[in-house]
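Numbered continuously in my numbering, the sequence shown closes out at residue 949.
Derived by calculation from the structure, the hints in this document are not laboratory data.
Each hint should be verified, as a subset may be incorrect.
Quick list of in silico lysine-lysine cross-link-like pairs, DSS-like style, CA-CA up to 25 angstroms [claimed, not checked]:
| hint | residue 1 | residue 2 |
| --- | --- | --- |
| 1 | Lys834 | Lys821 |
| 2 | Lys922 | Lys936 |
| 3 | Lys821 | Lys930 |
| 4 | Lys947 | Lys922 |
| 5 | Lys866 | Lys947 |
Derived Cβ-Cβ restraints for the label pairs, each shown as a range [said to hold, decoys possible]:
| hint | residue 1 | residue 2 | range |
| --- | --- | --- | --- |
| 6 | Lys858 | Asp931 | 40 to 48 angstroms |
| 7 | Tyr915 | Glu869 | 20 to 28 angstroms |
| 8 | Pro878 | Asn909 | 17 to 25 angstroms |
| 9 | Met787 | Asp907 | 36 to 44 angstroms |
| 10 | Glu822 | Asp946 | 14 to 22 angstroms |
| 11 | Asn909 | Leu862 | 19 to 27 angstroms |
| 12 | Asp946 | His880 | 13 to 21 angstroms |
| 13 | Ser859 | Lys939 | 33 to 41 angstroms |
| 14 | Val823 | Leu857 | 22 to 30 angstroms |
| 15 | Arg833 | Tyr915 | 15 to 23 angstroms |
C-beta: ideal position from N, C-alpha, C; glycine also.
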Amino acid sequence: MIAMIWAQDQNGLIGNSKTNQLPWPKMSEDLNYLKEVTTGQIVVMGRKTFESLPNGPLKNRINVVLTSQNLKSDVLIINKIDEIKEIEKENPNHDIFILGGIHVYQGAIPFAQRFYRTTIDGNFEGDLYMPEINYKLYKKISTKDVLSSKGYKLTFEVFDKID
Numbered sequence: 787m788i789a790m791i792w793a794q795d796q797n798g799l800i801g802n803s804k805t806n807q808l809p810w811p812k813m814s815e816d817l818n819y820l821k822e823v824t825t826g827q828i829v830v831m832g833r834k835t836f837e838s839l840p841n842g843p844l845k846n847r848i849n850v851v852l853t854s855q856n857l858k859s860d861v862l863i864i865n866k867i868d869e870i871k872e873i874e875k876e877n878p879n880h881d882i883f884i885l886g887g888i889h890v891y892q893g894a895i896p897f898a899q900r901f902y903r904t905t906i907d908g909n910f911e912g913d914l915y916m917p918e919i920n921y922k923l924y925k926k927i928s929t930k931d932v933l934s935s936k937g938y939k940l941t942f943e944v945f946d947k948i949d
């Protein structure tokens, strides 16, 4: 299965291009959710997202980076987003999670069978927004609200593509 996972604020903001970081303070509840969902699986991200990781490749996951550049890291490199279909065929026992950034999300939407969306109940500073998704093609299968240690309500939602 190919899935996309991201966090956004109330307006769909997901990043800040000036800092190449998330626009909100780190929240362990959100990071733990990402870890829980993706550990043991394949994660795909663009070069800038990869470079924003403070400790390099995500542990206990197969890290794939979409880039035309050479990276000095132990990751699999792909040059086109549609190569995730081949990775899916070659790894039938793993799910593939798209972690961003904007262009990777945009290219992966047609392939995604599931979305994991975390909405942070707040407005933050930044300039990178989640590409538009036609949610009429998806059915919400779960939702859970959590109060973060920073005082923000987090809403974790999962959507499956309607066949």
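Right, here's what the structure says about each hint:
Between Lys834 and Lys821, the direct Cα distance comes to roughly 20 angstroms. Compliance with the 25 angstroms bound is thereby established for this hinted pair. Pair hint Lys922 plus Lys936 does not hold up; C-alpha atoms about 33 angstroms apart against a cutoff of 25 angstroms. Between the alpha carbons of Lys821 and Lys930 the distance comes to roughly 17 angstroms, so the proposed pair stays at or under 25 angstroms and holds. Among the hinted pairs, Lys947 with Lys922 is consistent with the structure: their alpha-carbon atoms are about 9 angstroms apart, no more than 25 angstroms.
As the CA atoms of Lys866 and Lys947 are separated by approximately 23 angstroms, the hinted pair is consistent with the 25 angstroms bound. For the pair Lys858 and Asp931, the supplied restraint of 40 to 48 angstroms holds, since their beta-carbon distance comes to about 41 angstroms. Separated by about 25 angstroms at the C-beta atoms, Tyr915 and Glu869 satisfy the suggested range of 20 to 28 angstroms. The beta-carbon spacing between Pro878 and Asn909, approximately 42 angstroms, falls outside the hinted interval of 17 to 25 angstroms.
For the pair Met787 and Asp907, the supplied restraint of 36 to 44 angstroms is violated, since their beta-carbon distance comes to about 29 angstroms. The hinted range of 14 to 22 angstroms is satisfied by Glu822 and Asp946, whose Cβ atoms lie roughly 18 angstroms apart. In this structure the hint that Asn909 and Leu862 lie 19 to 27 angstroms apart at CB is violated, the actual value being about 36 angstroms. Between Asp946 and His880 the beta carbons are some 18 angstroms apart, a value that agrees with the proposed interval 13 to 21 angstroms.
Look at Ser859 against Lys939: about 36 angstroms separates their beta carbons, and that is inside 33 to 41 angstroms. A hinted range of 22 to 30 angstroms holds for the C-beta pair Val823 and Leu857, which are about 24 angstroms apart. Checking the proposed 15 to 23 angstroms range against Arg833 and Tyr915 shows it holds: the Cβ atoms sit about 20 angstroms from each other.
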